[in-house]
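Engineer: Listed here are the chains, written in short residue letters.
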Amino acid sequence: MALRVWASSAANALRLSSAPPFPLSRCFSTVLDGLKYATSHEWVKHEGSVATIGITEHAQDHLGEVVFVELPEPGGAVTQASGFGAVESVKATSDVNSPISGEIVEVNTKLTETPGLINSSPYENGWMIKVKPSNPSELESLMGPKEYTKFCEEEDAAH
Amino acid sequence: MRIPRKLEVWRMGTMNYLQALKLQEKLASDRKACKISDTLLALQHPPTYTLGKRRTDHNLLVSEDELKTMGAELHYTQRGGDITYHGPSQAILYPIISLRDIGLGARNYVEKLELTMINLASIYGVQARPGRKCQTGVWVGEGKIGAIGVRISSGITSHGLAFNINPDLNYFKHIVPCGIADKEVTSLKREAKSELPPEEVIEEQLISSFAQLFNYDNVEWKDNGSAL
Numbered sequence: 001m002a003l004r005v006w007a008s009s010a011a012n013a014l015r016l017s018s019a020p021p022f023p024l025s026r027c028f029s030t031v032l033d034g035l036k037y038a039t040s041h042e043w044v045k046h047e048g049s050v051a052t053i054g055i056t057e058h059a060q061d062h063l064g065e066v067v068f069v070e071l072p073e074p075g076g077a078v079t080q081a082s083g084f085g086a087v088e089s090v091k092a093t094s095d096v097n098s099p100i101s102g103e104i105v106e107v108n109t110k111l112t113e114t115p116g117l118i119n120s121s122p123y124e125n126g127w128m129i130k131v132k133p134s135n136p137s138e139l140e141s142l143m144g145p146k147e148y149t150k151f152c153e154e155e156d157a158a159h
Numbered sequence: 001m002r003i004p005r006k007l008e009v010w011r012m013g014t015m016n017y018l019q020a021l022k023l024q025e026k027l028a029s030d031r032k033a034c035k036i037s038d039t040l041l042a043l044q045h046p047p048t049y050t051l052g053k054r055r056t057d058h059n060l061l062v063s064e065d066e067l068k069t070m071g072a073e074l075h076y077t078q079r080g081g082d083i084t085y086h087g088p089s090q091a092i093l094y095p096i097i098s099l100r101d102i103g104l105g106a107r108n109y110v111e112k113l114e115l116t117m118i119n120l121a122s123i124y125g126v127q128a129r130p131g132r133k134c135q136t137g138v139w140v141g142e143g144k145i146g147a148i149g150v151r152i153s154s155g156i157t158s159h160g161l162a163f164n165i166n167p168d169l170n171y172f173k174h175i176v177p178c179g180i181a182d183k184e185v186t187s188l189k190r191e192a193k194s195e196l197p198p199e200e201v202i203e204e205q206l207i208s209s210f211a212q213l214f215n216y217d218n219v220e221w222k223d224n225g226s227a228l
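One line per chain: the protein sequences are A and B, in this order.
Here the first sequence stands for residues 1 to 159, numbered as in full-length UniProt numbering.
Here the second sequence stands for residues 1 to 228, numbered as in full-length UniProt numbering.
Check each hint, because a few of them may be wrong.
Said to hold, decoys possible - Which residues of chain B face chain A? A partial, calculated answer using Cβ under 7 Å:
#1 Lys-53
#2 Arg-54
#3 Gly-80
#4 Ala-106
#5 Arg-107
#6 Val-150
#7 Ile-152
#8 Ser-153
#9 Val-201
#10 Ile-202
As the list claims (entries may be wrong) - Straight-line C-alpha distance at most 30 Å; calculated DSS-like pairs for lysine-lysine:
#11 A:Lys-45 - B:Lys-53
#12 A:Lys-45 - B:Lys-32
#13 B:Lys-22 - B:Lys-173
#14 B:Lys-193 - B:Lys-112
#15 A:Lys-146 - A:Lys-45
#16 B:Lys-53 - A:Lys-132
#17 B:Lys-32 - A:Lys-150
#18 B:Lys-53 - B:Lys-35
#19 A:Lys-45 - A:Lys-110
#20 A:Lys-146 - B:Lys-32
#21 A:Lys-150 - A:Lys-45
#22 B:Lys-112 - B:Lys-6
#23 B:Lys-53 - A:Lys-130
#24 B:Lys-53 - B:Lys-133
#25 B:Lys-68 - B:Lys-173
#26 A:Lys-146 - A:Lys-132
#27 B:Lys-35 - A:Lys-150
#28 B:Lys-22 - B:Lys-35
#29 B:Lys-32 - A:Lys-130
#30 A:Lys-132 - B:Lys-32
#31 B:Lys-6 - A:Lys-150
#32 B:Lys-112 - B:Lys-173
#33 B:Lys-112 - A:Lys-150
#34 B:Lys-222 - B:Lys-32
#35 B:Lys-133 - B:Lys-193
#36 B:Lys-26 - B:Lys-112
#37 B:Lys-189 - B:Lys-173
#38 A:Lys-110 - B:Lys-53
#39 A:Lys-130 - A:Lys-146
#40 B:Lys-53 - B:Lys-26
It should be emphasised that the hints constitute simulated quantities derived from the structure, not laboratory data.
Fair warning: this is a prediction, and the values are worked out from it, not measured in the lab.
The C-beta atom is built at its ideal place from N, Cα and C for all residues, glycine as well.
Using the sequences and the hints, build the whole thing.
Structural biologist: And the structure:
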């Protein structure tokens, strides 16, 4: 009995629950401020003349463990809402789309050796490409953090 | 009010791999443009080996010339997963559906594809299970009975699952199936204790299992002729 009380208060401290009514990930997907989001679950961080792009925490959670990442070469072009690469997880390859148009200036080569960075650090070490935006006004058509959070909740509720 | 969800099923019989691929590309493009509803292709292939996006051809144990001599084709694809064999008496489903409409990600989609095959196997008293970590697919003991390889582009699926009813399992000897070296391949024929009905019946049950798991309200069946 004492052990159970201890376990439950430990669980509370760690914010775990013993039997969640639905997957925790739906409630606790991280959405960061300061980023813009596409409906296809990519994020973009615009800093000065360069925009960094990756996939969101919600996306990596829904994908499962990423085992392979296909990235373009630097110097190539990306177009808003078009694919620039792909990730493979659980025997599924999923195309990744660019939230904005521009020229690719850098590609995260660490993802070749360590594709799991996308799962463990989707907003930091798991970034995919850096782009010089050709049309910065495209950023306005993207969602902010609150809008994207609501979008995810609605999409998950669909099934 | 929830909009009723419709699945259109196209039963294609035996279809060449490239033809099936072209058809999937057209359907996926139409589905993305919302010109068609969710569509499911049910078919079999003549002897065909396929590789996924990672092009793991080190898992092909014979040369392409030897494959040709056997009467088999080899194709490189954009799907996930490793090398596999498709052939007569293996039931294939290629769902071309919108995952965004049902709020599913890759992981949940693949889990449901696994369940589709597990539920079918249970009809014949065969206890199948999903793969353990990194072994996506459907297993009976240590034998793989069903394989999965999927592509998701703009939230629309293509490729899908392959379930071994009674294919010639010798064809699997020429590859390291799915890149997993020390495991066997098996079939419903091998695992079921009772006699199996005609394959069309099993294919229909597989399709129904899919439709049920994905909660379709209406299922429209089209045979080869009327579909094209």
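Engineer: Next, verify each hint and record whether it holds.
Structural biologist: Results of checking the hints against the structure:
no. : hint                  : result
1   : Lys-53                : holds, 5 Å
2   : Arg-54                : holds, 5 Å
3   : Gly-80                : holds, 4 Å
4   : Ala-106               : holds, 4 Å
5   : Arg-107               : holds, 4 Å
6   : Val-150               : holds, 4 Å
7   : Ile-152               : holds, 4 Å
8   : Ser-153               : holds, 4 Å
9   : Val-201               : violated, 28 Å
10  : Ile-202               : violated, 23 Å
11  : A:Lys-45 - B:Lys-53   : holds, 29 Å
12  : A:Lys-45 - B:Lys-32   : holds, 28 Å
13  : B:Lys-22 - B:Lys-173  : holds, 28 Å
14  : B:Lys-193 - B:Lys-112 : holds, 26 Å
15  : A:Lys-146 - A:Lys-45  : holds, 16 Å
16  : B:Lys-53 - A:Lys-132  : holds, 28 Å
17  : B:Lys-32 - A:Lys-150  : holds, 23 Å
18  : B:Lys-53 - B:Lys-35   : holds, 28 Å
19  : A:Lys-45 - A:Lys-110  : holds, 19 Å
20  : A:Lys-146 - B:Lys-32  : holds, 27 Å
21  : A:Lys-150 - A:Lys-45  : holds, 20 Å
22  : B:Lys-112 - B:Lys-6   : holds, 18 Å
23  : B:Lys-53 - A:Lys-130  : holds, 24 Å
24  : B:Lys-53 - B:Lys-133  : holds, 20 Å
25  : B:Lys-68 - B:Lys-173  : holds, 16 Å
26  : A:Lys-146 - A:Lys-132 : holds, 26 Å
27  : B:Lys-35 - A:Lys-150  : holds, 27 Å
28  : B:Lys-22 - B:Lys-35   : holds, 17 Å
29  : B:Lys-32 - A:Lys-130  : holds, 28 Å
30  : A:Lys-132 - B:Lys-32  : holds, 29 Å
31  : B:Lys-6 - A:Lys-150   : holds, 27 Å
32  : B:Lys-112 - B:Lys-173 : holds, 28 Å
33  : B:Lys-112 - A:Lys-150 : holds, 25 Å
34  : B:Lys-222 - B:Lys-32  : holds, 21 Å
35  : B:Lys-133 - B:Lys-193 : holds, 29 Å
36  : B:Lys-26 - B:Lys-112  : holds, 24 Å
37  : B:Lys-189 - B:Lys-173 : holds, 18 Å
38  : A:Lys-110 - B:Lys-53  : holds, 19 Å
39  : A:Lys-130 - A:Lys-146 : holds, 24 Å
40  : B:Lys-53 - B:Lys-26   : holds, 20 Å
Of the numbered hints stated above, those contradicted by the structure are hints 9 and 10, listed in ascending order.
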